[in-house]
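> Make the full structure from the sequences, and use the hints.
Quick note, the sequences are listed as chains A and B, same order. Just so you know, we're using our numbering here: the first sequence kicks off at 4 and counts up by one. Just so you know, we're using our numbering here: the second sequence kicks off at 107 and counts up by one.
No wet-lab data here; the hints were simulated from the structure. Glycine included, every Cβ here is placed at the ideal spot set by N, Cα and C. It is possible that part of the hints are untrue.
[Stated by the list, open to error] Which chain B residues face chain A? A few, computed with CB under 10 Å, are given here:
(1) Arg222
(2) Glu247
(3) Ile299
(4) Ser303
(5) Ser320
(6) Pro433
(7) Ile434
[Unchecked claim] Just a sample of chain B residues kept apart from chain A, beta carbon distances all over 12 Å, derived:
(8) Leu237
(9) Ser250
(10) Val289
(11) Val307
(12) Val326
(13) Arg349
(14) Gly376
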Amino acid sequence: MSAPIVEAVGVSKRFGGVRALTEVSVAFRPGEVHCIAGENGCGKSTLLKVISGAHRPTSGQVIVDGTTYDHLTPRQALSAGIEVIYQDFSLMPNLTAAENIALPRSVAGGRRLYSRTAARTLAERAVVRLGVEIELDIPVGELTVAERQLTAIARALAHEAKFIAMDEPTTALTWKEVDALFAAVGRLKEAGVALAFISHKMQEIFSIAERVTVLRNGAVVTSGRPDEFTHASLAETMTGRGSQSFDRVAPRNKNRAPALRVRGLGREPLFADVDLEVGQGEIVGLAGLLGSGRTEIAEAICGVRPAQTGTVEVLGKAINVRSLSDGVAAGIGYVPADRLTQGLFLDQPIGDNLVATHLPARRGFLNGPAIERRKSSVVRDLRIKLGKLTDPVRSLSGGNAQRVLLGKWLVGEPKVLILNGPTVGVDVGSKFDILGVLNAQSLQGLGVLIISDDVPELISMCHRVLVVRSGRIVRELSGDQLREDTVVEAVTA
Amino acid sequence: MRRVLANQELLLIGLMALLVLAVSLKFPDFFGLQTLFNVLTASMVGILFAVGVMLVVVSGGIDVSFLAVGILSAYATVKYGPQGDGPFGALPVFALSTAIGLGLGLVNAAVVIVARTSVLIATLATSSIYLGTMFAFVGGEVISTLPQPLQSLGSTHLFTAKGAVRGTTSLNILILVVLVVCVLVWAFLRFTIAGRSVFAVGGDAEAASRAAISVPRTRVLVFAIAGAVAGLAGIISVTLSGRADPTTFMGRELDTLAAVVLGGVAIAGGKGTVRGAVLGVLLISLVTASLVPLGIPTIWQRAAVGALLIAGILLQTAIGRRQRIRPILDAPAPEVTNA
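Below, the structure is given as structure tokens:
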């Protein structure tokens with residue numbers, strides 16, 4: 004086995020009181036694709052940021068080409084030939100794609116002068132090498148999510164890198180683009196580049212990895228060749244427990260009016276001709292790539308950004324949703340994607356957050372005792388772990404904060420609940436609990452629409468999955484068709 | 107974006123043309139060299155301040171200390187600096203004021219970096235300290251006798267023409283200095299890695315630092331340049347007015363910030379051009395110059411600037427709103443398959 008190009012030795016990283024990484028040692032060898040697998044929040048991204056110099060490890064070293072660093076700077080890392088494709092892309096939104104691709108290497112190389120034409124040529128070469136098309140001359144902030152992801156990839160390929168790390172590089176890509184990326188990875192491998200690949204998609208891991216290392220709670224659990232694992236055993240190693248599923252109970256009464264019925268919903272230039280139905284007690288998934296329009300459709304239904312055409316019915320009654328409060332009044336609850344910034348008043352008490360959307364009142368005056376009763380009943384129902392109702396939401400863990408957000412919407416007794424990525428960034432245990440709460444609520448007749456790119460989650464929860472592509476619903480999967488491979492294929496076609 | 111920015115700049119030019127036309131219809135004399143020279147002369151100092159502030163704003167932060175830097179640099183230079191003689195006697199005077207400005211800029215940078223505070227708060231504090239220092243240790247009285255080289259420079263003109271009504275009208279030679287500074291800053295932003303880094307830091311400081319750009323070093327550079335330019339602006343202002351008055355600029359920060367915003371510089375950072383900042387200053391000077399012949403009391407000038415500022419911000423949010431929507435739909439409807 005050849006000597007590793009990049010090696011992390013006993014790396015630990017703490018953020019305040021939280022241990023993100025504990026004594027992690029990994030080696031990346033030339034010509035090898037090394038997958039780092041694990042659940043959300045297991046420390047994968049933190050490990051990459053330590054290797055790229057973006058984070059300083061609390062203890063441990065990074066060895067690059069035989070040189071040991073206690074604290075690598077981003078500049079040293081780049082000069083040593085380390086390239087990272089970050090999950091958030093880390094692009095400068097106000098600069099053009101060409102400049103985003105060319106600038107880092109010029110900076111790391113200590114160059115003083117910048118030439119627009121030279122940057123353009125370099126970027127063009129990188130894009131051609133990747134085999135995709137990107138608009139290079141407009142600011143990255145105006146590109147689509149997929150184009151931004153491709154820009155981030157092209158940036159890593161633009162230079163003679165020795166080590167390239169990719170953090171979830173395929174989230175927004177169609178299968179064609181993923182193929183182009185994998186072909187590029189193949190060429191890099193032959194050229195002797197070491198590659199680190201982070202993904203939670205099993206198929207990707209098994210199709211490109213030579214080695215898999217599994218992280219759980221910030222520590223290495225196991226490391227081996229992919230043929231030593233099966234999909235199931237890898238999943239079990241990642242989560243630390245056997246696969247769990249919910250008893251899918253058919254929506255009880257087909258004859259009752261659907262909880263939500265949407266016809267011909269459209270808004271130029273985001274989405275068009277959206278028809279969908281969520282029965283009472285039914286859980287429907289809305290699957291699609293990042294930037295496919297899935298979030299825009301949900302936001303239109305609940306009134307955040309209303310649609311221009313089409314009709315929305317709740318329990319058979321046509322409603323006119325022009326704003327979020329219209330949606331709430333009509334019985335549509337919406338749990339936004341970024342729970343920490345969009346859905347909660349982080350510095351306000353937990354109790355107040357729970358009743359923020361639905362305050363019991365009498366003749367315009369707040370009804371204090373009723374409010375307190377509601378607060379405690381929700382905390383009981385959702386089993387939110389908290390100190391005092393008066394503590395700020397910020398004091399809660401991610402999963403519990405998510406439950407407060409769920410509780411906030413269940414207080415209003417909505418007829419249909421729309422959740423955008425309900426378990427993104429939530430630890431495994433809480434994730435299961437949240438899905439359990441949703442399952443229990445749907446049994447009581449609540450219609451649930453879940454927007455997610457976590458395909459296994461959708462499959463384990465939903466009665467039906469609708470697939471969104473380029474702003475339209477292109478496929479409906481249910482029953483036997485509802486399998487991981489069919490959904491992934493429909494989503495990335 | 108370049109296209110949209112250019113639109114905003116075109117709009118400024120259009121607005122200026124309209125203003126000149128409107129006033130000229132009533133007063134044909136307004137359309138002439140005299141107005142041009144008046145507006146340019148009135149804008150010279152403002153342009154320098156605006157270019158410096160623009161740099162800071164692009165890097166992400168609102169600087170309010172530039173006028174304090176400018177007047178402290180110039181006033182201290184005139185009071186304690188070289189008196190200068192010979193044909194190039196003004197050179198050491200200008201150099202000293204610029205150097206003091208640069209030093210004060212470095213102090214700004216140090217406060218921002220060490221205290222990890224916003225540029226607005228940091229410069230609000232340093233601005234007060236600079237002014238306090240000036241009145242406490244340097245002095246507060248008006249100096250009306252400038253060093254000889256400054257006096258002669260103040261009356262050296264590049265162009266002189268017959269006045270619109272009577273007398274002569276002229277444009278001071280220092281306009282060339284302003285022009286050179288503008289070209290230098292433009293070239294810095296466009297052709298150097300450090301200049302591009304200013305945009306990168308203003309766009310997303312975290313992403314910039316991951317791209318190996320040193321955010322603190324970029325900030326130090328930006329504040330050093332902005333400080334030096336402010337120091338130069340201060341001494342030019344003193345030279346043109348023929349006196350060093352420590353209260354000259356008091357409370358005029360708004361005018362420069364308004365000009366910068368009008369010129370399309372994004373107040374949130376990451377976007378801006380020298381050209382835009384210059385056009386913004388010219389527009390405000392022209393508005394002021396137009397109020398007089400129209401018989402509108404000059405006290406309304408401040409209100410006009412405020413109104414223009416609101417217009418500029420509205421324009422930016424309108425542009426921002428239009429950009430945020432990225433099309434998702436393909437033109438034709440894809441085949442719906444229901445396998």
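> State for each hint whether it applies.
Status of each hint after checking the structure:
At a threshold of 10 Å, the smallest CB-CB gap from B/Arg222 to chain A is about 17 Å, leaving the interface hint violated. Checking B/Glu247 against chain A: minimum C-beta separation of about 46 Å lies over 10 Å; hint violated. A cut of 10 Å between beta carbons decides the hint on B/Ile299: the least distance to chain A is about 5 Å, and the hint holds. Hint status for B/Ser303 relative to chain A: holds, with the closest Cβ pair at about 7 Å, below 10 Å.
The closest approach between the C-beta of B/Ser320 and any C-beta of chain A is roughly 7 Å, which is under the 10 Å cut-off, so the hint is satisfied. For the restraint placing B/Pro433 at the interface with chain A, the shortest Cβ-Cβ distance is roughly 4 Å, inside the 10 Å limit, so the hint holds. Among the interface hints, the one on B/Ile434 holds; its C-beta lies about 4 Å from the nearest C-beta in chain A, closer than the 10 Å criterion. Non-interface status of B/Leu237 relative to chain A is upheld: no Cβ of that chain comes within 12 Å, the nearest being about 34 Å off.
The beta carbon of B/Ser250 sits about 45 Å from the closest Cβ of chain A, which is more than 12 Å, so the claim that it is off the interface holds. Its beta-carbon lying about 16 Å from the closest one in chain A, B/Val289 satisfies the requirement of being farther than 12 Å from that chain. The beta carbon of B/Val307 is not kept farther than 12 Å from every beta carbon of chain A, the shortest such distance being approximately 9 Å. Its beta-carbon lying about 16 Å from the closest one in chain A, B/Val326 satisfies the requirement of being farther than 12 Å from that chain.
For B/Arg349, the requirement that its beta carbon stay farther than 12 Å from each beta carbon of chain A is met, with the minimum near 42 Å. Non-interface call for B/Gly376 relative to chain A: violated, since the shortest CB-CB distance, roughly 4 Å, does not exceed 12 Å.
Checked against the numbered hints above, the structure violates hints 1, 2, 11 and 14; every other hint is satisfied.
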